[in-house]
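J.: Make the full structure from the sequences, and use the hints.
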Amino acid sequence: MSDTPNIGFVRHEPIPPSAPPIQQAGVVKWIRENLFSNWINSILTILSIYFVAKIILASTPWMWNGVWTTSSLRECREVLQGTSGACWSVLVERWNQMLFGFKYPVEAYWRPTLTFGLLLVCIAPILFQKLPRNMLMFSAIYPFLAFWLIWGGTLLTPVVVALSLIAGYLAFVKMERLTGFATGLLTGVVAVALVLYLGSFVTAALPEFIALEPVASRDMGGFMLNLILGTVCVSLSIPLGVVLALGRQSNMPIIKGICVVFIEFIRGVPLITLLFVANVVLSYFFPPGTNLDLILRVIIMITLFSAAYIAEVIRGGLAALPRGQYEAADSLGLDYPQAMRLIILPQALKISIPGIVNVAVGLFKDTTLVSVISMFDLVGMIRGPISSSTAWTGIYWELYLLAILLFFVVCYGISQYSQWLERQLRTDHH
Amino acid sequence: MSSTTQTGASKFSLSMLINDTRYRSTTFQVIALIGLIFAMGYLVSNLLSNLSDAGLNISWRFFGETAGYDINQMPIEYNNQMSHGRASMVGAVNTLIVAFLACVSATILGVIAGVLRLSNNWVVSKLMAIYVEAFRNVPVLIWILIIFLVMSNVLPQPREFRGDAATSSMWLDMVAFTNRGVYIPRLVLEDLGWVVLTTFGLSIIGVFVFRRYAKNLLFNTGRLIPTFLPSISILLVPTVLVYFVLGSPIGLENPELKGFNFKGGLHLRLSLIALWFALAIYTGAFIAENVRAGIQAISYGQTEAAAALGMRPGRIMSLIILPQALRVIVPPLISQYLNITKNSSLAIAVGYMDITGTLGGITLNQTGRAIECILILMLFYLVISLSISAIMNVYNNAMKLKER
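Residue numbers (the working numbering), protein chains in the order written: chain A, 1 to 430; chain B, 1 to 404.
Wrong hints could be hidden among the right ones.
Said to hold, decoys possible - Straight-line distance between alpha carbons at most 20 Å, and here's what the computed EDC-like set of lysine to aspartate or glutamate pairs gives:
(1) K263(B) / D191(B)
(2) K263(B) / E160(B)
(3) K126(B) / E176(A)
(4) K342(B) / E264(A)
(5) K263(B) / E65(B)
(6) K256(A) / E312(A)
(7) K258(B) / E160(B)
(8) K342(B) / E312(A)
(9) K126(B) / E289(B)
Quick caveat, the hints were computed from the structure, so don't treat them as lab data. Fair warning: this is a prediction, and the values are worked out from it, not measured in the lab.
T.: Here's what the structure looks like:
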């Protein structure tokens, strides 16, 4: 190059590439490739845009013109004078009822609010492994705290239950060292029962010790009830599900048979029939004279229901573990409880977490079914007291939009978490 | 452990029941069995004493007694003088009707949405993603109630169809959308109508025979004959001929406005439509995800290999991708059908008289026989679920990848 004589008509550098034709670059290219690549695509695009535009054009003025400050549907219509507009004031007026039901004492609303705020703190370290591990201490205390905050009564009740569980655990650890898993478990159960029995005298003697105003279960309602049923039933059903899954995987025919029959029976019937059982049949099976609250009976049945589904998820996790893990545990000389607790279950549960989360989302949606047996959860509140009140009869979109929004936020959040977790847990290389 | 174990197989001591692996599982099972028997016995004794306290007993006689209530949708003969058993059967048929309708439409909707979500058209795939996420994450009960409420509030009343200044009119003079339901024409079979139907059935079989013949010809001789037009003509020509030769033995009965309501035709109640649409749209979102996962599970190499063999895109889809994707799609699809059948019990929320509404609702309330009613109700759903799972197992075994 250097010895090229400097001639005026010879170029020294290549011509810069000319810009691609406008159809092949930028926004136009993107639109051509993604929206109008062929005639079917073009039709689909135009149809979808028309469809979306139509919905937006119809709903925006309705939402925007909404009235927020009236006290009945009739007043809303007077204010709107026939123009399209939502009557959001029903949400303003009935907001507390939709969240807490219509019987929960108004001055105690801070208690469930605080409880569900703390719920986030409680589940954060379980959901995200990166958070400091000593936050798990709070997660362990939380169930007792939540019980005390929502149901009220003396603080001693949850404290006694917590103490009994600690005592049971200590007894279990001691006895397991000495004699083995089965006797250890038995001792633990006896210790729990003993402490509960002794504690009942203490709570009976001091009913006013750091007491909150007690609230009966039947006074719970609104979205709070959905959240309570969802969290309580899912957390109770995971241990039960583990036991059922292990039973179904075991090679003892009788135990396997019991678990298979239970799981398949529960999975074969709709939740509504189980709720009917809770509503009208279940009390026949308790000893005469017991009078369990409807909400407790419903919790029992929903827990059994979700335990069957969770058991199937965990069974999938157990089956997905390579055979070598079981054999390795055996060759280390671990007995069955040790192998399960130290080798198998930690891995199987890790694989099953996304599936369990899916069951939890489904279950949370299914808690709306309790409105069919006349409990006033969010849907029950909307269908019952709010829609049938004289001021708001005939209103439906505004109320159900709020219900859709509340459920969507929770369920979509959880399912996004489960997808994130699946990506985190993926150990193969893509 | 101590070193004294395994000194010989001779002596049996009681501690071997728990410490010896030969006996341990038997011990545990016997304990479990005894525990189960005791638990059952406890529950049953509670039940019996509770029942005797309440002055009740277990009896199935109420199934033969007069029901005394009306059912608004009667696919089989029923009136309120018939028995509770008959009413339950009407409910069962209604459950099956709505479940079948919802299964068919959910499948169509789900397949379309699942395929479109994979489309390279940005607007369409995003729209489908919104559809799937919006419907999957909200309880189906809310969708059922919304569809029901919107239809009963937005659709015109039957009286608005009346008179000269009617504000609403029927669609093509055949279909009327009212807030009491949708009225559509009904097929009326005259004497020779069954001949036409039989011809049509035979034509369907004929199409399958022809397609099998064409396939065998292709595989044996390599000759490809056109199948589309011949199939259509085999399907339609004989039926149409027979229909006109016999003088139109199948007619349509259009709904007509008489007095304050429509008479004639087929009346689809709002409760049926709300339940059907809600179940279809809700489950369709789940099916869309299954379809998407199934198609994505087939590696792109399959498409490329087929293209390298010189196949056209349509044939690649129908001969290479779909058969493999179906193996992934069908098992979750069938469990979605199960979910539809179970969710159809939500009919009770909008007053559709399925088996939960008749047997688990009115019959239960009238007779007060909760245990018997709910037991039969559960058995009904259980039988359906178990038979669908049995079919699924047969299918899975037939479709399983057969490796070595």
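J.: Work down the list of hints and note, for each, if the structure agrees.
T.: Now for the hints, and whether the structure bears them out:
no. : hint              : result
1   : K263(B) / D191(B) : violated (23 Å)
2   : K263(B) / E160(B) : holds (15 Å)
3   : K126(B) / E176(A) : violated (56 Å)
4   : K342(B) / E264(A) : holds (14 Å)
5   : K263(B) / E65(B)  : violated (32 Å)
6   : K256(A) / E312(A) : holds (13 Å)
7   : K258(B) / E160(B) : holds (13 Å)
8   : K342(B) / E312(A) : holds (18 Å)
9   : K126(B) / E289(B) : holds (14 Å)
Of the hints listed earlier, those the structure fails to meet are numbers 1, 3, 5, in rising order.
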